[in-house]
Amino acid sequence: MAEMISGPVLYAPRLETLETLSALKNLCEAHGNILAGEYGDLSPLAFYHELKNLGCETLLVEILLKNKNRGLVESYLVTASSLGFSGAVLAMGSFDKSPGMPMPVYDLDTAQALRLALDMRKAGRLREDFRIGVRAASGSGAAETRARYYITEGADFIVLPPGGPVPGLEGHTITLKEAGPAA
Amino acid sequence: MIVTTKKDLDAIKGLLSDKKKLVIVGCAECAAVCQTGGSEQVREMAEALSNHEVLATISIQSPCDKRISSRDLKRIAEEVEEADALIALTCGSGAQALDEVTSKPVIAALDTHFLGMVERLGRFYERCSHCGQCILNDTAGLCAVTACPRRVRNGPCEHILGTKCDVYPQRDCVWHSVYERLKERGMDALFLAYHGPVDWSKNHSPREEIWQR
Ligand code: SF4
Ligand code: SF4
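For the record, the sequence lines run as chains P and L. At position 162 of the first sequence (counting the first as 1) the number is 162 in the working numbering, and the numbers step up by one without a gap. Convert by adding 1000 to the 1-based position in the second sequence; the result is the number in the working numbering.
These are computed hints drawn from the structure, not numbers from a lab. Being a predicted model, the structure only gives us computed values, none of them experimental. Among the hints, a few may not be true.
[Said to hold, decoys possible] Each computed SDA-like pair below joins lysine to any residue, with the alpha-carbon atoms no more than 25 Å apart:
#1 P:LYS177 with P:ASN53
#2 P:LYS66 with L:LYS1183
#3 P:LYS97 with L:LYS1183
#4 L:LYS1183 with P:GLU153
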């Protein structure tokens, strides 16, 4: 299992322009750890070097499962690991119901993507120290049982939205400093 | 049951400009329950197309079953032969079966939506989206795949808000309901049964089920 990340993580849900990206520099220096989100127009994978130059200690990338089939999820994971990201956070992704927009499609759910990523790491397709985390939830028996399951299955950490922790998982939970929406 | 709705009548009339002689076929099963293709709707369609020559009308028990369609259409074989087109008040499967058994142009007069559970007339609910790899036995009989907008097979996802689904905040997350129902039934352990991704190699259209004798 890869090492747990210490300290809070700054979540930047959207990388919209190169200017917004460089504006993260101060925040990055202040917080040390960053989770680059996939909601903006710029793909964090394509801007790894710019993100790396921000000087963060831990650079995580969000991999949304919406609108990706398992082949594309694999490719994102291998790319992120090869580029040098510290790890990935797997998340279902928001469900956009705006008029005229296509409904999102999902091939894998988080549990399936987690199993895929762990198997890939075991098989040497991801770096041994590439951390694998998942978005989870708290506040109901079902959500907390699922969160515990992720850790039992082998996730390095869970990421929770602001609010209640999952009892017993405090040591496995990443706190997002500037929590953008899980959505 | 297959849930259907009526297509716009003017759109259907627009397809009939060069078709004078018609046979109207209804479905006495699903479309009858949906009140889109029962005998009443067949009669209404015949009235609406009164500027055409309606040679015959017929309600078939299951027009999607080619054996039944062929048998029943024999009763109006001459009219079918003479017709320029058939109007199908049936689901898409029924319309295509009529085309295959008659080799006549078939105008589909209904839109086909989903496999529905009937609560009462006018209340139809999608409970199964025929994924072909059923997990109902692990989910206390609730189809989490169909009731979950993200089609999560191992839920809930991180978007659950308390016990509600973020996509339809007035509805419970189905995985919360699965969890509660399994607990009530003393089957809690099943909640964490792992359901692998759908094997799409077994599940892409057009699907077939052929018995090996
Ligand atoms: S899991 Fe749901 S969608 Fe799949 S076959 Fe069973 S009831 Fe139908
Ligand atoms: S909250 Fe529940 S029902 Fe809604 S998308 Fe997530 S798992 Fe599915």
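To see whether the hints hold, each was checked on the structure:
1. P:LYS177 with P:ASN53: Cα-Cα ~20 Å, so holds.
2. P:LYS66 with L:LYS1183: 30 Å, violated
3. P:LYS97 with L:LYS1183: Violated: P:LYS97 and L:LYS1183 sit about 33 Å apart, past 25 Å.
4. L:LYS1183 with P:GLU153: 22 Å, holds
Of the numbered hints stated above, those contradicted by the structure are hints 2, 3, listed in ascending order.
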